[in-house]
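Participant: Next come the chains, spelled out residue by residue.
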Amino acid sequence: MESTINQEATVEQAVELGLRPEEFDMIKEILGRTPNFTETSIYSVMWSEHCSYKNSIHWLKQLPKDGPHMLVKAGEENAGLVDLGDGLGCVFKIESHNHPSALEPYQGAATGVGGINRDIFTMGARPVAQLNSLRFGSIEEDRTKWLVKGVVKGIGDYGNSFGIPIVGGEVFFDESYNQNPLVNAFSAGIMDPSKVISATSAGPGNPVYIVGSSTGKDGIAGAAFASKDITEESADDLPSVQVGDPFQEKLLLEATMELAETDAIVGMQDMGAAGITCSSCEMSAAGDNVGMDIWLDKVPTRQENMLPYEILLSESQERMLVVVKKGREQVVKDIFDKWDLHAEQIGVVTEGGRINYYMNDELVADVPAESLVLGGGAPVYIREYSEPAYYQEYKKFNINDVKQPEDLKEVAIHLLKHPNIASKRWVYEQYDSMVGTKTMTTNRPADAGIVNIKGSDKALAMTVDCNSRYVHADPHVGTAIAVSEAARNIVCSGGEPSAITNCLNFGNPYNPESYWQFVGAIKGMSEACEKFKTPVTGGNVSFYNQTVLDGKEEPVFPTPTIGMIGLVHDKSKVMSLDFKQKGDLIFILGETPEDIASSEYLASYHGVKASPAPHFDIEKEFQLQETVKGLIQNQMINAAHDVADGGLFIALTEMAMPNELGFDIVTDSEVREDAYLFGEAASRVVVTVNEDNEDAFIEYMMNSGTNFTLLGHVTKGKMVIDEEHYGFIQEAKDIYDNALGQHMEA
Amino acid sequence: MKFGVVTFPGSNCDQDMVYVLETILNQEVVQLWHKDTDLQGCDFIVLPGGFSYGDYLRSGAIAKLSPIMGEVIKHANNGGYVMGICNGFQILTESGLLEGALLHNNSQKFICKNVYLKPATNDSAITKDLDVNATYQIPIAHGEGRFYADEATIQKLEDNNQILFRYTSKGGDTTEEFNPNGSINNIAGITNEGRNVFGMMPHPERAADEALANEDGKAFFESILAHCK
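Order-wise, the sequence lines are chains F and V. Per the UniProt record's numbering, residue 1 is the first one in the first sequence, and the count goes up by one each step. Per the UniProt record's numbering, residue 1 is the first one in the second sequence, and the count goes up by one each step.
The shape of chain F in the complex, shown without the other chains (with noise of 0.2 Å):
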């Protein structure tokens, strides 16, 4: 049979397959020949931005990755682990899956929750909870509403049938989203950290397994489909986008967990993006000068006649790639079979580098692993950036061009049904929040999502934040301000920060502007980190987010979601955020300055986009974080709640609504009403104290160097500002609860 090896791949192949003539050079002097077409199609999705991070890593590289309780850092393995103490590790991650979830909502936003846990459970560690962050387009339009559902129903088909609890989450709405939503699925995960499982492999001779699923044509070249932007052509991609099948996931669960238990395998790795090909190179460049010789005959496939750089690129979900160690193949065979899973020898572990690809005996490809994965011989490009126009025209923003509105009340009801306030009952509800019943804040809800750590005394807290509209204003301080609001959401609930993960969605990396976000948010994210001390432990970067319609380019408001854990050491002081009983006063702590700037007030209410980030100083929000930390820590406040999107009035509601108590509060003559009540300034939490403990707390705040204003006291149900009726607390719930509903019903 005449081998197919020496059949040369043009440059125009090459360029197709989404690789740049200048890379196809590159590859050319790495294999001292002209590649053939299978060799660049592996580049070719290697090179992809989504594997390589080649115009993101030389700035990722500058975020702070170490920290006192780091066990696994950033890029090591599949995902970051962070020691809990006691013989606990978390291991947790963000990504994304958004452009096939633009294309196919259901499907695209499945196989992101799938891909996510098998992300964390390769690694050995049981996942406990999950979050997920959504940005969609104006909620007025139809595909608006036909993308939520969709991706709504994939999240919780796949995810309810896994059976890991949704504990917390955004939404948010902009029509910069209209074509492109984003879709970032979080998930953490619980482990002994010696029994922490590897990505790499060792020992030549020892047999490669595939587990799990067969392999279908579905998927194939996503990755690369993942690094293009969105066009009207894009719905031509729809073979890229993979099919979820969660009751596969939960069985790889399983036998993973059992694997994990034994000392039968060397490494493992999970197939995500370019399937075969990443977890082989990968796993190989991740050991120590070792290769593999991988048959792709034997690969289980779901339809005949599959072509070699198919089955290389298949990204078919729920496999794993599986490195044993000789001679105990029938332990890794046995825990298959009990979990009725497929676990087929496809390769052998080979000295020196390279890959070896066959068919039929037939070598296909020969690649040196080293030279296709990132921090090996991808490519690494520093791009150019140049700041927007629109960054300095936001900053000539004056409070005083916009007039307050004579009836306040009439924006209290505005934002409490703007679906970027109102309840997400209607989304989360479509979740199971609560298997596993490890689910803390089902019943006592916080500003963080609490998840039980059985047989300790201690808690995880969780959560997922990012205001876009602030990141577009400002990448440098809306990133800032997206750590700090994590931060603030975990200790409000009563943790400790303990690491983050990101997941960065930008437009083309290849437009300046775009690309200043980037290294904005970069900056901003760094500098939070440090001050935070909560280093990034991994993440994704999904660049080219943005519509290309009749040739204008939109890129999406820049969105660097911060997925941040925290620790809570006892966890009977688990803090929830609802009113306790009335008579309670009312606090608010930090500063509350004249700013609407970026509030939803403003955007939504004004039609004002214009403005710059809202009020931010790192330094007295890292004080007030500590201050709350000492007062839930000596028992002296028995509720709080970050003032975030909508503000005072929204903070103040959110609080009111679980136990339906009102409020009774006066707001400060110094500072327009609309902007106390509305504006969202950073840095302010709402805490009530039980009168028995004012003293105490006072005494506390006096010596904490934190501001503190008394707002008024919790009262049976009304809801009164400067002695103005705004009605009754059960209207703002029936309001609040419905309003996303009606929305996407109309």
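These aren't lab readings, by the way, just hints derived from the structure by calculation. Certain hints may be false.
DSS-like, lysine-lysine: derived pairs with alpha carbons at most 25 Å apart [unchecked claim]:
1. F:K424 with F:K195
2. F:K424 with V:K109
3. F:K531 with F:K61
4. V:K113 with F:K454
Chain F is fixed; fit chain V onto it per the hints.
Facilitator: Here is chain V on its own, set in the frame of chain F:
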């Protein structure tokens, strides 16, 4: 009493049930595997929630064919206790151990939230110690939980006091407004004529741990422990 909790492939509430029975209620629990054909002397079998075999067909339709179910059916027919929660309830109706069927929720959506239940009778081990005038806050989490049976069957269930629980308001109102899934007569759980097989869509095991600030479901298990001999 010795409990047996069955794990089907796709079960995902099995460990939650084991935790409540073993750690919170200090009972002896055996974890049974769907391929087993021996109940290992268990007195009380629990079919937990989840998506057995993926539930890609009708929920519970494949699980009823698993090897262990032959033994569970024999056990029930001999008067042994069997309880199915959520997917377990679906498996019990598919197996014919309980009457009726669980259809897609009338909203056509999966629903997970706290609801209130009111015991409809004291005439069963699981409800004997419950207060029929009180309501219990218990979570639901299902896409196919709308209890359905033909009119004659419903009438028989009602006449025989085989309805265990109904969906209600916090105050005990059993109107349609408080029916989360469209179940006939707000039915949330039933028993068989022999009163040894119990099925319910809500999850009492999710409301039995003080760490989660809701222990309303613990009373259901305590009633079982007091009256299943």
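Participant: Confirm or reject each hint.
Facilitator: Hint by hint, here is what the structure shows:
no.	hint	verdict
1	F:K424 with F:K195	violated, 38 Å
2	F:K424 with V:K109	holds, 15 Å
3	F:K531 with F:K61	holds, 18 Å
4	V:K113 with F:K454	holds, 22 Å
Checked against the numbered hints given earlier, the structure breaks only hint 1 and satisfies all the rest.
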